[in-house]
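For the record, the sequence lines run as chains A and B.
Mind the numbering: the first sequence is residues 4 to 555 in my numbering, read in order.
Mind the numbering: the second sequence is residues 4 to 555 in my numbering, read in order.
Incorrect hints may appear among the rest.
Where chains are identical, the list cannot tell them apart; a pair therefore holds if satisfied intra-copy or between any two copies.
Each computed EDC-like pair below joins lysine to aspartate or glutamate, with the alpha-carbon atoms no more than 20 Å apart [claimed, not checked]:
#1 Lys87 to Asp69
#2 Lys79 to Glu98
#3 Lys541 to Glu59
#4 Lys227 to Asp239
#5 Lys110 to Glu140
Source of the hints: derived by calculation from the structure; they are not laboratory data.
2 protein chains.
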Amino acid sequence: MMMVRLNMKLALAALCAVALLLMLYWAHCTDDRHKPSAAAPAAERFVAIECSINGEYSVACRRDADQLYLPFSFIKKYFEVYGKLTTVNGVERFEWSHSYSKVYHPKKTYDPRGTFTTFENYNVEVRDRVKCISGVEGVPVSTQWDPKGFFYPTQIAQFGLAHYSKNITEPEPRVKILEDGDKISQNWIISKDAVMSREFDPELKMKVLSFATTDHASSQVWLKLDIAQDFVLTMDLLLKPNSSMTVVLQNKDKKETVYLHYVFNNQLISALDDHIFYGVGEESAWRRVTRDLIVDMQKGWQLLDRPKRKSPRNKFKISSIILRGSGSLGSAQLATSAHTAHFYAAARWLVRSQRPNGGWPVPARRRVAPHVPDLTPGWHSAMSQGHGISVLARAHYRSGDAAFLRAARRALRVLRLPSGAGGVRAVFMDKHVWYEEYPTTPPLFVLNGFIYTLLGLYDLHAIAGDRDAKHMFDDGMASLKALLPLFDTGSGSFYDLRHFTLGVSPNIARWDYHATHVNQLYLLAGLDPDPILLSTAKRWENYMSGKRAAHN
Amino acid sequence: MMMVRLNMKLALAALCAVALLLMLYWAHCTDDRHKPSAAAPAAERFVAIECSINGEYSVACRRDADQLYLPFSFIKKYFEVYGKLTTVNGVERFEWSHSYSKVYHPKKTYDPRGTFTTFENYNVEVRDRVKCISGVEGVPVSTQWDPKGFFYPTQIAQFGLAHYSKNITEPEPRVKILEDGDKISQNWIISKDAVMSREFDPELKMKVLSFATTDHASSQVWLKLDIAQDFVLTMDLLLKPNSSMTVVLQNKDKKETVYLHYVFNNQLISALDDHIFYGVGEESAWRRVTRDLIVDMQKGWQLLDRPKRKSPRNKFKISSIILRGSGSLGSAQLATSAHTAHFYAAARWLVRSQRPNGGWPVPARRRVAPHVPDLTPGWHSAMSQGHGISVLARAHYRSGDAAFLRAARRALRVLRLPSGAGGVRAVFMDKHVWYEEYPTTPPLFVLNGFIYTLLGLYDLHAIAGDRDAKHMFDDGMASLKALLPLFDTGSGSFYDLRHFTLGVSPNIARWDYHATHVNQLYLLAGLDPDPILLSTAKRWENYMSGKRAAHN
Numbered sequence: 004m005m006m007v008r009l010n011m012k013l014a015l016a017a018l019c020a021v022a023l024l025l026m027l028y029w030a031h032c033t034d035d036r037h038k039p040s041a042a043a044p045a046a047e048r049f050v051a052i053e054c055s056i057n058g059e060y061s062v063a064c065r066r067d068a069d070q071l072y073l074p075f076s077f078i079k080k081y082f083e084v085y086g087k088l089t090t091v092n093g094v095e096r097f098e099w100s101h102s103y104s105k106v107y108h109p110k111k112t113y114d115p116r117g118t119f120t121t122f123e124n125y126n127v128e129v130r131d132r133v134k135c136i137s138g139v140e141g142v143p144v145s146t147q148w149d150p151k152g153f154f155y156p157t158q159i160a161q162f163g164l165a166h167y168s169k170n171i172t173e174p175e176p177r178v179k180i181l182e183d184g185d186k187i188s189q190n191w192i193i194s195k196d197a198v199m200s201r202e203f204d205p206e207l208k209m210k211v212l213s214f215a216t217t218d219h220a221s222s223q224v225w226l227k228l229d230i231a232q233d234f235v236l237t238m239d240l241l242l243k244p245n246s247s248m249t250v251v252l253q254n255k256d257k258k259e260t261v262y263l264h265y266v267f268n269n270q271l272i273s274a275l276d277d278h279i280f281y282g283v284g285e286e287s288a289w290r291r292v293t294r295d296l297i298v299d300m301q302k303g304w305q306l307l308d309r310p311k312r313k314s315p316r317n318k319f320k321i322s323s324i325i326l327r328g329s330g331s332l333g334s335a336q337l338a339t340s341a342h343t344a345h346f347y348a349a350a351r352w353l354v355r356s357q358r359p360n361g362g363w364p365v366p367a368r369r370r371v372a373p374h375v376p377d378l379t380p381g382w383h384s385a386m387s388q389g390h391g392i393s394v395l396a397r398a399h400y401r402s403g404d405a406a407f408l409r410a411a412r413r414a415l416r417v418l419r420l421p422s423g424a425g426g427v428r429a430v431f432m433d434k435h436v437w438y439e440e441y442p443t444t445p446p447l448f449v450l451n452g453f454i455y456t457l458l459g460l461y462d463l464h465a466i467a468g469d470r471d472a473k474h475m476f477d478d479g480m481a482s483l484k485a486l487l488p489l490f491d492t493g494s495g496s497f498y499d500l501r502h503f504t505l506g507v508s509p510n511i512a513r514w515d516y517h518a519t520h521v522n523q524l525y526l527l528a529g530l531d532p533d534p535i536l537l538s539t540a541k542r543w544e545n546y547m548s549g550k551r552a553a554h555n
Numbered sequence: 004m005m006m007v008r009l010n011m012k013l014a015l016a017a018l019c020a021v022a023l024l025l026m027l028y029w030a031h032c033t034d035d036r037h038k039p040s041a042a043a044p045a046a047e048r049f050v051a052i053e054c055s056i057n058g059e060y061s062v063a064c065r066r067d068a069d070q071l072y073l074p075f076s077f078i079k080k081y082f083e084v085y086g087k088l089t090t091v092n093g094v095e096r097f098e099w100s101h102s103y104s105k106v107y108h109p110k111k112t113y114d115p116r117g118t119f120t121t122f123e124n125y126n127v128e129v130r131d132r133v134k135c136i137s138g139v140e141g142v143p144v145s146t147q148w149d150p151k152g153f154f155y156p157t158q159i160a161q162f163g164l165a166h167y168s169k170n171i172t173e174p175e176p177r178v179k180i181l182e183d184g185d186k187i188s189q190n191w192i193i194s195k196d197a198v199m200s201r202e203f204d205p206e207l208k209m210k211v212l213s214f215a216t217t218d219h220a221s222s223q224v225w226l227k228l229d230i231a232q233d234f235v236l237t238m239d240l241l242l243k244p245n246s247s248m249t250v251v252l253q254n255k256d257k258k259e260t261v262y263l264h265y266v267f268n269n270q271l272i273s274a275l276d277d278h279i280f281y282g283v284g285e286e287s288a289w290r291r292v293t294r295d296l297i298v299d300m301q302k303g304w305q306l307l308d309r310p311k312r313k314s315p316r317n318k319f320k321i322s323s324i325i326l327r328g329s330g331s332l333g334s335a336q337l338a339t340s341a342h343t344a345h346f347y348a349a350a351r352w353l354v355r356s357q358r359p360n361g362g363w364p365v366p367a368r369r370r371v372a373p374h375v376p377d378l379t380p381g382w383h384s385a386m387s388q389g390h391g392i393s394v395l396a397r398a399h400y401r402s403g404d405a406a407f408l409r410a411a412r413r414a415l416r417v418l419r420l421p422s423g424a425g426g427v428r429a430v431f432m433d434k435h436v437w438y439e440e441y442p443t444t445p446p447l448f449v450l451n452g453f454i455y456t457l458l459g460l461y462d463l464h465a466i467a468g469d470r471d472a473k474h475m476f477d478d479g480m481a482s483l484k485a486l487l488p489l490f491d492t493g494s495g496s497f498y499d500l501r502h503f504t505l506g507v508s509p510n511i512a513r514w515d516y517h518a519t520h521v522n523q524l525y526l527l528a529g530l531d532p533d534p535i536l537l538s539t540a541k542r543w544e545n546y547m548s549g550k551r552a553a554h555n
């Protein structure tokens, strides 16, 4: 009996052990396939399958019982579409985009006194092809077709128009007065062998701060600061030879200091380690210096080939301003922006630089297309002319200064000259005038530059009632409406008509240019009721989400 | 001691049980993930993930650690590409095709005496829009724009050119003589009240078989056959009113019999159950009847809306020919083909039907595009004229008969008349002549029809030395070379230029038309050394495997 009882206990114990292990096993195996995690549904059985692409190469695909699946890495490359993984409410998702770039549906009719199209969204200075903002001229320098850098009137005008537009759309800047020549600031520190004084300046008609330091490296007049928000410096400055004004920036997190030196020379920009130098010219005269210090710092890094950094405006603070050599300082302030100053810098550069024939020649050599003669330095661009007119018309409107208006009118002349005669005017099949962004022979018929030119003509007529500009605008619009369909690919748009004029492979507009076309057409549709403008804008907008035109 | 020993045994037994269960568990879990199967590599773990398409709708995708996968069903619809599963050497594979339709690289220069482009590959009769081959005229009847059916000169000419081309490329047909009027065949069965005799016919200048039956359904003169390979019947037949010649076909597998009745009336085609009727006219005169019996059967089924069947040529045999009423039979034979007969049927129809102004008017109303006036019955088509010329030039070449040449020359006149004046001639921007396949106002500039017209002009000049044709060809080639780029979409081609002339959404050529463009350009490149023809052909061919033009 006792043996029986022992055997039964043994059996019972073994059974319990078995049951326990079976339960553990079941819990493990089921748990493994249903690992709880925020997002995951059941994993399913997929097998690999080779996919032959047009009989040319293979791609590793997957299939289940119902479907074949292709890797996005292949689709992305084959069709040039875009996609990214995102997490929404803890759930992972993939977002497919047929294109990139934004389309703006104008809320009101275009007004030349207002923003220039959607340029409040443009940031010209940060483009890689902008070498820096010239310390002498206050306008951008381009390296687009010449690494040494040159003044590209189109770029300068876009810079001006972007700042004009931001001046309208952005809030008033926050301003901190650093120095008023008189009482502010009391915080300058004068090193032992340096001198500083305040006197009335007859030219500025106000008191100014004058300084003189010795050759010693430590001889300086400097202002200690701790400003972390507003990085646009405006200063009335007079420098004598061998003098400089330096702004010291410090990285709040790291132990990093950057020195922006504004020096008495004509060197555009140079940089070494943490020192970045901008020449402000060799004239001992008062100049109003307006500098976006963060841009100046980033362009120094760009020159040194350092990687771009995100949000330096959040990471740096201005720790001091140092004066060396001798000179004077009228007023100085830091602000969140100084759009009006930048705008007028562009407008005045345009007036200053305009040739007697009204043109702003481009000093860089430009190879536009194979088998087409280069545009040699001195070529004109309809887009430069048109954008220039848009800046000057607005400058005239804002200031009332007739010099701006005269320059704008003078700029029309180049638009009337044929491309072969130093101008920019082409004609499509003896019938439709076109203003050439790149006045090649044979012509190219670039679309976006032509439309920008038309907007310049519109601006001049709307603001100043210029009748020549109106006629040229009307002729140009007739051309545009007739030829617009030739830019339609059925799934996008052409950048130009080189396939027609040169017999080469078509030049499709990449998506940011295509979006520009759409935006331009929506704007023009508000000015001209011809249905071709709006219907084309809508169809071209649909192309951006993959809705191609129908086939037969 | 005994208790200790018992406990140890218990413990040992429990441990063994645990070990055993653990081994089973491990074997199960690892085995589950690596189930062996014939073709399958390891199934991997994939999870479902939602993919948002342009923010508009979602598609169920899959992902693993490295890749996102999209279902082909989505890609196929979004991009209109093609794909199918295949098995190669027991391994399953997926074959992706960017397009469909074949491109032919010509092995030799186009010779108008030879095949017409690649029409040896065309099968006009089997197209759904061909209602049937007319029993009276021997040429196809179209239902493309009129369900009643009409003679479409373009279709008739293509029928002729396809048979001309097949006559060149296919082997000599195998021929079985059924009846020679004299000695063959001895196998006619004459029912009781019917009569049959053989007499010399002065018109045919040979002995012919004459027959007469009564009204009784069973009264017939018939020939028992068992022929399974050659289905093109050629017969010299004379019918009197209320008479018919019937071919009986039987399905080898099923118990199915089809009766093709060729009857003395003018009804194009009718069908009821297994009986299909073709009118051969109401003239009691000798006619040479050439019928592809399989095509005649299939068109009867098409009329009855029966589903198409694969390979009826393999499934049917000819079991008898039945003569009813009264008439005569000269010769009769069955052959694999009778291309020359079909070709001349087309050529003679063209001569017969040509109007005094040289045109072959299209009797159907045609709506070509929205907001464009319909082409009303009687319109001409450059493609009809051009294809007609191609047929007639070859007919003249083969036969020496001047009537064909006169008709071909006369056909040029319509090409010179403007579209608005009953002709087909348009001009692009006052500069480039175009021969319109659909002569609308405003013009359409259809590409493939224009090129076919040019080939007709080329054929006439090459075969007959026609100088007008040569000039018109040269002018057309100048137009083509100038305007070809306007048909380039950067990833395909346009069917026409309606987006330019009508301001509507572009009409992209579907792949079979695009392939036609490519084939036409390769042919023309062999006739004209201008590089635009070959470079365009190559680029457009590359589009068919997804190699788009570059963007800027």
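Now for the hints, and whether the structure bears them out:
| no. | hint | verdict |
| --- | --- | --- |
| 1 | Lys87 to Asp69 | between (26 Å within a copy, 13 Å between copies) |
| 2 | Lys79 to Glu98 | both (12 Å within a copy, 18 Å between copies) |
| 3 | Lys541 to Glu59 | between (37 Å within a copy, 17 Å between copies) |
| 4 | Lys227 to Asp239 | within (19 Å within a copy, 116 Å between copies) |
| 5 | Lys110 to Glu140 | neither (36 Å within a copy, 66 Å between copies) |
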